[in-house]
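Work out the full structure: start from the sequences and follow the hints.
So the sequence shown is residues 62 to 387, counted in our numbering.
Since the hints were made in silico from the structure, they are not lab data. Positions of the beta carbon are idealized from the N, C-alpha and C atoms, including for glycine. The reader is advised that the hints may include incorrect statements.
[Stated by the list, open to error] Cβ-Cβ distance ranges computed for the label pairs, FRET-style: (1) K207 x R263: 42 to 50 Å; (2) S318 x N229: 33 to 41 Å; (3) F324 x F194: 42 to 50 Å; (4) K270 x K200: 36 to 44 Å; (5) F102 x D179: 33 to 41 Å; (6) S211 x A367: 18 to 26 Å; (7) K115 x A367: 19 to 27 Å.
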Amino acid sequence: MNTIPALERAVVEIFGGCNYTCKMCPQTTGRGKEWVRKMPFDLFESILDQLPGKPIINLEGSGEATLAKDLPRYIQACTDRGLESYICTNGSRINGEFMNNMIDAGLTYLRVSVIGYDAKSYNQWMNVDNFKFVKENIKETQEYIKKTGSKCKVTSYHLILDNEHTENEVNLYKKNFIEELNITSFIWKLHNWSGNWEPDYRRNPANRKSCGRPFAPELTIRSGGNNGERAAVTPCCQTMGPPNEAKSVLGHFSNQSIEEIYFSKEYKELRSAHEEGRFDDIEYCKNCDFLYDDPEVLVWSNDSDASLDHMIGTKFNLDDYRPKKV
62 MNTIPALERA
72 VVEIFGGCNY
82 TCKMCPQTTG
92 RGKEWVRKMP
102 FDLFESILDQ
112 LPGKPIINLE
122 GSGEATLAKD
132 LPRYIQACTD
142 RGLESYICTN
152 GSRINGEFMN
162 NMIDAGLTYL
172 RVSVIGYDAK
182 SYNQWMNVDN
192 FKFVKENIKE
202 TQEYIKKTGS
212 KCKVTSYHLI
222 LDNEHTENEV
232 NLYKKNFIEE
242 LNITSFIWKL
252 HNWSGNWEPD
262 YRRNPANRKS
272 CGRPFAPELT
282 IRSGGNNGER
292 AAVTPCCQTM
302 GPPNEAKSVL
312 GHFSNQSIEE
322 IYFSKEYKEL
332 RSAHEEGRFD
342 DIEYCKNCDF
352 LYDDPEVLVW
362 SNDSDASLDH
372 MIGTKFNLDD
382 YRPKKV
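Rendered as structure tokens:
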């Protein structure tokens with residue numbers, strides 16, 4: 062009998078929409094109404110209770126989790142089960158009583174996405190003049206964590222906007238954001254969302270190899286799904302928005318068990334294609350830049366444990382799950 066390995070990470074998106082229209086994100090061009098809904102709480106609990114092991118739970122997927130007004134309830138559900146909860150957010154709503162309730166519910170890790178090294182570049186890429194506002198929200202959150210003795214860790218996430226000026230951008234990020242907040246940060250290059258965006262580099266398709274995700278101890282679950290179903294399982298977070306999100310669905314928790322999804326025909330074909338290097342057979346994988354080695358993708362971090370193939374909060378390394386030879 063097939064057994065699902067103990068998971069170390071599960072991305073369980075509780076809200077698929079977003080209040081930002083960031084330049085680099087497929088949300089901006091329209092994710093589709095079936096994908097921007099809120100996950101029902103009872104379905105969320107059912108998913109948590111099916112997950113093997115003690116995985117960390119990422120509550121954001123690719124939507125903005127803080128748009129769920131009862132987000133602390135979802136965090137509490139994780140805490141009650143002894144599961145750590147992680148959120149990546151644009152930071153626009155982490156303040157006041159709402160933020161306090163998130164921390165009090167037991168949130169483990171909060172990563173704020175800040176695309177822009179000053180107010181002007183932030184406004185250009187995130188399409189809202191919130192650079193200073195988000196910094197103030199982070200300060201308020203840091204103060205509340207210290208006041209309450211919470212173990213929640215706050216970090217930030219940046220993207221290089223122009224590869225020709227990488228060193229200058231890193232220095233500006235440090236000066237205008239990281240050092241001011243004394244915050245752990247990660248600076249990455251832009252990725253192409255499974256081929257949705259044309260990258261500013263050219264690579265040889267013959268050099269592709271598996272990203273390792275189809276075999277890793279993690280699961281990605283969306284709030285929405287195809288044909289009215291909910292909680293669609295996709296191979297990873299990169300297949301967001303049309304045309305690849307709908308094509309990449311491997312099953313739905315709204316009408317299937319975790320075993321039915323994990324050992325489905327769709328999942329088996331995905332794994333087989335990655336084992337055999339048949340990436341062109343998988344429409345949503347073939348143009349993804351995660352199939353290429355690029356040690357410079359992680360540009361800079363002040364976290365000594367930062368790694369290109371290591372998922373934050375987990376012990377596994379994606380490189381260990383790549384088929385070694387095809």
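How the hints compare with the structure:
Checked against the hint of 42 to 50 Å, the C-beta distance between K207 and R263 comes to roughly 47 Å, which is consistent with it. Taking the beta carbon of each, S318 and N229 are about 51 Å apart, not inside 33 to 41 Å as hinted. Remark: the range hint 42 to 50 Å for F324 to F194 is upheld by a beta-carbon distance near 46 Å. The beta-carbon spacing between K270 and K200, approximately 43 Å, falls within the hinted interval of 36 to 44 Å.
Between F102 and D179, the C-beta spacing of about 39 Å keeps the proposed range 33 to 41 Å intact. Between S211 and A367, the C-beta spacing of about 23 Å keeps the proposed range 18 to 26 Å intact. The hinted range of 19 to 27 Å is satisfied by K115 and A367, whose Cβ atoms lie roughly 23 Å apart.
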